[in-house]
Amino acid sequence: MIPAPFEYYKANSTDEALKLIRDFGEEAKFLAGGQSLIPMMKVRFARPTKLIDISKVQELRYISLDGDYIKIGGLTTHRELEKSSIIIEKIPVLAHCAHEIADIQIRNVGTIGGSLAHADPSADYPPVVLALNAVIVAKSIAQEREIPINDFFLEAFTAELRPDELLVEIKIPVMKPNEKAAYIKIGHPATGFSVVNCAVKITLDKEKIEKARVAFGGFVTVPYLDEKVGEFLIGKPANIDTITQASELVAEGREVIGDYYADADYRRHLAKSVFVRVMKKALEI
Amino acid sequence: MKYIGKEVSRVDGVAKVTGMAKYAAEFQLKNTAYGYIVQSTCPKGTILKIDTSEAEKLPGVLKIYTHLNTPKSKSQSGFVALQSDRILFNGQPVALVIAETFEQARYAAQLIQIEYKTEPFNTELEKAEPKPARSAKVRGNPKKAFEESPVKIVAEYTIPIEHHNPIEPHAAIAAWEGDSLTIFVKTQGVKDMQNHLAQSFGIAKEQVHVISPFVGGAFGSALNPHYYPFLAAMAARDLKRPVKLSYTRRQMFTGHGYRPYTWQKVSIGATEDGKLQSIIHEAITNSSSFEDFIEASNNYGRSLYNCPNYDTPYRIAKLDLPTPTWMRAPGMVSGAFALECALDELAYKLKIDPLELRLINYAETDPDTGKPFSSKALRECYIKGAELFGWKNRKFEPRSMRDGRWLVGWGMATGIWGAFMLPASVKITYKADNTAYVESATSDIGPGTYTVITIIAAEFLGLPIEKVKFSLGDSQMPDAPLQGGSFTTASVGTAAQGAALQIKQKFLELARKSDPVFSNINQEEVEMSEGYLRLKTEPSKAISISELMQKNGLKEITETYTARPSSERQKYTTMAHGAQFVEVKADEELGIIKVTRVVETTATGRVINKKTSHSQEIGGVVWGIGMALQEATEIDHRYGRMITTDLATYHFPVNADIHEVITEFVEENDTIVNPLGIKGMGELCMVGIPAAVANAVFHATGKRIRQLPITPDKLFD
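Chain order of the listed sequences is W and Y.
Converting from the first sequence to my numbering requires adding 20 to each position, the first position being numbered 1.
Converting from the second sequence to my numbering requires adding 3 to each position, the first position being numbered 1.
In short, the hints are calculated from the structure, not lab data.
Please note that the accuracy of each hint is not assured.
[Said to hold, decoys possible] Calculated cross-link-like contacts (lysine to aspartate or glutamate; reagent style EDC-like; alpha-carbon spacing at most 16 Å):
1) LYS62/W / ASP590/Y
2) LYS717/Y / ASP285/W
3) LYS292/W / ASP590/Y
4) LYS395/Y / GLU367/Y
5) LYS300/W / GLU592/Y
6) LYS434/Y / GLU562/Y
7) LYS292/W / GLU106/Y
8) LYS292/W / GLU359/Y
9) LYS278/Y / GLU348/Y
This structure is a prediction, so every number in the text was calculated from the model and none was measured.
Just chain W, same shape as in the assembly (with noise of 0.2 Å):
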C-alpha cells in the first residue's frame, strides 16, 4: 500500500501546469483531488514517475452561468456541485449525482475534471455528462479545443485527452422547462462504485416524448448513450407502456461485463429494471 517512487511538483497556475506537461510528456499525471490517482498508485496499478499537483489552481474552480451553458471548472469538487445553488436550480440531476458519489469526504476533495478524465466506466458522473450532452473543454499549451461528450469516453479509463492535455472545463447546456432528467445508480455494496448505473433527459412535447438522451455506465467497458432506446422513446407517449417497451431493447446487442459479484446477465436484467426506474423518476410516473 505504498506507492512507487516519484518526484512531486506543485502547479499555481494553469499555465504552470500546462508547461510542466508539456517538458514531462507521457511520465507525468496531474494530481487533482487524488482521490482515483493515488489509491491505483498505492497498489501500483499506477506508477507515475512525476506527479504535478494542481489541486490548488484555483482559477479552474468555478460554477458559472453563461448563456444556455453552466460552466464549471475542471478543479470544482463533488461536494461543491453537490451544494451549489445555480447547479440545484438549473441542472439539479448533476447536483444529485454528485451526492451520490463515494462519500462525504471524498466528496470534499474529488473533483468532477479528475473524475472524467479518468473515466472509471463504473463512476457516477458518466452518463449523466452523457445524458446532458456536454461539451469538454481541453487545454494544452498549444491550443485550447471542445470535445462533444459523445466523443469523449474511448475505453476503459481512457478518455479523448492527449498527453499534454488538462481538462478544464465542463460546459453543460441548462435545462429547459420540458425537459426532464434523473440519475439511479446501483452501487456495489463495498466500493460504492456502479454496479449498473442510468441517467436519461427526457425532452417533451405535451404528452409526448419529442427527444431522449439516455445513458448507461457499470455494465460495459465504456459508458455510453444508447442510441437504440432513444430513438424508440422519440415520438412516443410519455407513459409506462412505452418505458417497458424500450427497457427491451436496453444493452441490446452489447457485450456485459460480469464478475463475481454480479453477473452479466444479472447486470443485463439490472440495467432494464434501472432504466425503467429512472425514466419513472424523470417523468414523475
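Starting from the structure of chain W, add chain Y where the hints point.
Frame of chain W, contents of chain Y only:
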C-alpha cells in the same frame, strides 16, 4: 443471586475503549526486529530457485530465511513453514525477511525472486474424488425407509469457503532468554500454544511463556497455533533479539484456515401427515492435500428430530489449498442450512406450516442415543419466538405477502449446539482488605469471559464486582481449555465457583476455631457477604473476614480448584437449543434482499450476564445474515488462488444491512450440566440463521436458493 443473571457491563470495557487493553502486536520490547512473510504465487510444485541477493543488500535487512537456511522444527505435525522446497498451496510462506524496521522488511520482501516448477493442481471440489472420512453410525434402514415413504424430498446445497475476519490480525512478538521463550501472541488457547512451541523447539513446557491478555476477535481462527509463532520464535532465537511478526489482511486468508467449501445432499422420506421416516444427509467438505480436516456438518439433525432411520455419510475432497479450520458454529451451521431448508421444502410439499412440521417431529428424548436430555426448552423457544414474531399472521403461500413494491417473506429454523464442559482450573487469592484476585489460563476473544468469571467469583465471595480482579491469557496460570466450542463459561465458571466455595470453606474452618456460633455449622449454611461470613438463616450472626485473617496472621489465602464434568452428565444428552424467525423483504426487479426483522429465542441453561449474552446473540444473528447473503471467498481456479482477500471484496454485513434484531432467552434450570446450570451460546446463536433467511427468501419470492450466499443474481437464474 446478586450478580448472576443480571446485566453487568464489561469489566474490561474501559480498558478497551481507552486503548489500555494491549493486543499481541502492541507490546513493546527493546531492540525488536521486524519480520515480513513472502508467499508463494504457485499453487503446487517445487521451488527451483530462490534469489535473495538483492534483498539482502538493502540497509536494515538482518537475515532472510528460506527453506534452505531455516532451522528444522522438532514437531512436523500440521503445516510448518520453510521446512522444504515443496509448495502445497498458493500463498504458502516461502521466505521470511527480518529487518530493523517493518518497512525495510516489507520492501526487501518484494525484491526476492523465486522460480517454481508448477505441477498440475486442483482447487475445485466438483473436480476432486472425495474419500470417505468417518464411519457414521447408521440408524435403522434409511434407504429402505426412504424408498417406502409416500412423500420424498431430495435437494443439494452448497456453501462456499468463508473466512473469519477478526479485526485484529494474527501477530506474535517472540523473545528468548537462554533456552526460555516468552511470546506475546494472538491465541484462543495459551496452553495449546505453549505445548506447540515447546514441541517445536524440543524444550520443556515450563520454558515457554505465552502471554495473550486480549484478543481482538478470533471466531476459531486462533484455535490452531498456525505457522507464524514458530517463525517468530525461530528467528528471535537465531538472531538473539526479539522478533515481531504479523499477518497482513491478505495473509489472514491463507494463514489461519477457513470454513470449508461444503456440498450437502439431503434426502427426506416422510408420511403424509409429516412424520419423518428417513433422513439421509450426505456431506462433502474440502480439506488440504496434507491434512484431513473434518467437521460434523451432516450430524446436525441426529439428536434434534424424531426420525427412526438416519444416515450421515461424510466425505472429504483433498484440494490444493490451505487446510480449513473451525469457524464459528463449525459444522452445525452448515448442516443446519441444508437440513432446515430441506425441512422447509418438505413443509411446502406437505402443505404443513414449517413450525408445525418441527413440532410434529419434536424429540422428547435423544433419538440418537435414547438418553434423556438434561434439559430442553426448545418447545418453549418455538412458542415464545413465534409469539414475539407474530408467526400466526403468516400466510402460507409463497409470494403472498407484500409491503409496497417489496415482497415479504417469513422463514424459520432451529438451532442446536452441544452443552459441553471440559476440565478447567481457577486460582483465587483473597486478601485481608476484602479484594480478590482470580486467575485462569483461559482466553476472552470477545464474548465477555473477563466479565462473567468476575461475576461468578464476586457472587460466591460476596464481594462487589470492582473488588474482584480476574486475569487470564497467560500460560503460567492454572490450566484451562482453549476458548472454543462454547464451553468456556461452563468449564472455567464452574471452577471459579468451586474455588470461591473452597475459600469460604477455609474461612469457615477458621471461624469455627474462634467463634462457637460456627462450630457446628456446615458450608451450605453460611455465605460470604461484604467481607463477612454469615449464617444464611440468621444474618446478624456474622464474623468479619479481615479480622479473622488478622487474628490468624494471614494477609491472604489462596485456593485453586479444578472443575471436571460430572459422571452424572454421561446419563444424559446435554444440548442447548434455539429457534429463529426471520423476515426478509425482496425487491423483485433488482433481486435485493433485506433482512428486516429477526427474532431469536434461545434456551441455554442459566444466563450469567444478560447484557453480554444479548450482545453475543445479536452478533451471531448478524454473522448468520452475512453467511446467508454475503460471505464468500472466491478462488480463481486458473491459479488456485483466493482472490477476495481484503475487506473491500470479502463482504459481510455493515450497520446498514442490519435492521431489527430481538434476542430472548428461555431459561432452563439444569444442574446436570454443571452446578450453575451453564450451557454455551456463542455458536448456537448463529446456527439456524442462514437457513431461516433462505426459507424466508423462498416464502417471499417462491425461489428456492440452495447455494450460499443468496446474492441478487441467483434470484434470476
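- Query: Are the Cα positions of LYS292/W and GLU106/Y separated by 16 Å at most?
  - Reply: Measuring from Cα to Cα gives roughly 49 Å; hence the hint is violated.
- Message: Holds or violated: LYS62/W and ASP590/Y, Cα atoms, limit 16 Å.
- Response: Violated: LYS62/W and ASP590/Y sit about 37 Å apart, past 16 Å.
- Message: For LYS717/Y and ASP285/W, compute the direct alpha-carbon distance and say whether it is at most 16 Å.
- Response: 10 Å, holds
- Given hint ASP590/Y paired with LYS292/W - CA-CA distance at most 16 Å: 14 Å, holds
- Message: So if I understand the rule, the pair passes when the alpha-carbon distance is 16 Å or less; does LYS395/Y with GLU367/Y pass?
- Response: 24 Å, violated
- Message: Just to be careful, I want the Cα atoms of LYS434/Y and GLU562/Y compared with a cutoff of 16 Å; is the pair within it?
- Response: 12 Å, holds
- Would you mind confirming whether the straight-line C-alpha gap from LYS292/W to GLU359/Y stays at or under 16 Å? 41 Å, violated
- Query: Is LYS300/W close enough to GLU592/Y, meaning Cα to Cα at most 16 Å?
  - Reply: 14 Å, holds
- Query: Is the straight-line distance between the alpha-carbon of LYS278/Y and that of GLU348/Y 16 Å or less?
  - Reply: 14 Å, holds
In summary, the structure is inconsistent with hints 1, 4, 7 and 8 from the numbered list given earlier, while agreeing with the others.
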